[in-house]
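Colleague: Each chain, written out:
2 protein chains.
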Amino acid sequence: MSLKQWLALLAFYVSYLFFGASVFYHFEHKLETQKRAEAKQNQLSLNDLLLKSFKPMDVSLRDSILNEISSFCEKSVHNDTTEYLEKPYIWNFYHSFFFSFTVCSTVGYGNISPTNTFGRMFMILYALVGIPVNGILFAYLGEFFGSMFTGLYRLYHLYQKNLNKHYKPHQFGFLAQILLYFCPGIVLFIFIPACLFSYFENWEYSISVYYAFVTLTTIGFGDFVPTFGSLQEQQFGVFFRCYQVFIIFWFITGLGYLVMVMGFLAKGMRSKKIAKLETLVASNLRSRNERLWQSIQRDRIFVRSIFDELYLLNYKVF
Amino acid sequence: MSLKQWLALLAFYVSYLFFGASVFYHFEHKLETQKRAEAKQNQLSLNDLLLKSFKPMDVSLRDSILNEISSFCEKSVHNDTTEYLEKPYIWNFYHSFFFSFTVCSTVGYGNISPTNTFGRMFMILYALVGIPVNGILFAYLGEFFGSMFTGLYRLYHLYQKNLNKHYKPHQFGFLAQILLYFCPGIVLFIFIPACLFSYFENWEYSISVYYAFVTLTTIGFGDFVPTFGSLQEQQFGVFFRCYQVFIIFWFITGLGYLVMVMGFLAKGMRSKKIAKLETLVASNLRSRNERLWQSIQRDRIFVRSIFDELYLLNYKVF
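So the protein lines, in turn, are chains Z and G. Using our numbering, read the first sequence as starting at 25 and increasing by one per residue. Using our numbering, read the second sequence as starting at 25 and increasing by one per residue.
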């Protein structure tokens, strides 16, 4: 695939993600609005019931009971009509885009997922196109990263040779090669981004590392997912937007890197197969050359016999 | 990889899954027991508080209020000490095994996930070995399914030829081939198992189809996961055990089938590359043959000139 074709496919993929995001956003945002209204209704009616039930009681005791119930339920039973309005929507456009991406890359966190039959059926059709496109795109991205990586590695050797004429590159075994490929990537794509996750999400560092690992291996549990905190936007302002963009960027490059490593491993395994094939072809070629040489020899003998006869003829004539 | 090696790897993988299951079961079951005790404590103290708060009130009204709160919270606030004892554990051995498998296959439902730092770190180390082993195992399983599938396809053609001497196999295009590979698999691995899921899980059929699709593509949202119902074991008895085993079996064959289809698609794409290479080699060969032929022609002309000279010599002599 040429770079032009790849870029065309990338453009298609990005517009496909935006298309998916628009559809999911349109339908799920509406459903979420309905569900929020219902939840609000339930909350208010329960609050009403509770207030009616404890009649002659002082206000502070009543409030403390409501607090107890709220903390037990992990949602408010107070008469706070503003809370639901302030909490940001789960199905905003960014999360819809993020969701489309997690579908196509098969990460599938599942902290948000389609909530009705239409959404589920659309998701299936959407994934049927998105997963192969994503796969092809990342396969070539991985290849590109691989050639870049080996290029850098070669440059490093050249540089070392310039410094020291007697420099000889190390020959690494299979396991050492794996470590060589993995270590810089693990630092770059897991340990460094994990600092950012800890900062923006207020997670323990071990949880951030765990999240990065679970995402890049496409396991995607969804027990921890970034950018879903309800106060992040107010707290970090414009940096939060940068962080949201960074996550998409990290996701793409990280997956590309992982595909690259997988490609190296597969090549290492395949190269053994190819070596076997090569010896087979070489032995075939050798035997064919020998046969060719034999037939040439035969021809030479035949031609010489003709010449000999002709000369004999000449001699006879003389 | 020979069948023997594959079976050895399979044996290793299965024991690795059992090992993971034991570790997760051991730690998470303990944590779950603690959490259940805490939840029970919270429930009872809230119940106590509520009963104290509505003092002079008739029992049926009080119960109806408790019911309202319970349904709002989606967990009981009654003083029912038996409920928590009866509800089956989430982290039983089967679910631990299932969890290990979802980690190694990168499905990662995430409806259950490690709950403390030790569990998370262990999961990372566990996946580092499990994912590659799973990948290699399924790559070969997919290859095996592929050869079985093409074998069956060939047998069908032979059978058709025996019936009808003039039978010619259809030549399918790329898209038609994809459909040919996909259709039987979709019926066998999605639509038929979905009936079972609907029966045992009491899901709508569309949800069962959605679950099967989300699982086999390794998206794994985890919004619907089988065998987690709290009453299934009592309701279906021994059939539930069979169903649990069936799910593992379905999972393995379904993933193998999907890898097979992916392999066919990749081969189809690669075969285009190979076809290009072949035409290149063929044109090289042709040009080389032509060059060879030209040189042979030259040699023939040269030899003929010698012969002619010799004959001339003869004539001269005569």
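One thing to keep in mind: the hints can contain errors.
Identical copies go unnamed one by one, so any copy, or any two together, can satisfy a pair.
With a straight-line cut-off of 30 Å between C-alpha atoms, the simulated DSSO-like cross-links for lysine-lysine are [stated by the list, open to error]:
1) Lys59 x Lys76
2) Lys300 x Lys28
3) Lys185 x Lys76
4) Lys59 x Lys300
5) Lys111 x Lys76
6) Lys300 x Lys76
7) Lys99 x Lys185
8) Lys192 x Lys54
Hints are computed from structural coordinates only; laboratory data are not their basis. Please read these numbers as outputs of a predicted model, since none were measured by experiment.
Colleague: Which of the listed hints are not met by the structure?
Modeller: The structure breaks hints 3, 4, 6, 7, 8; every other hint is satisfied.
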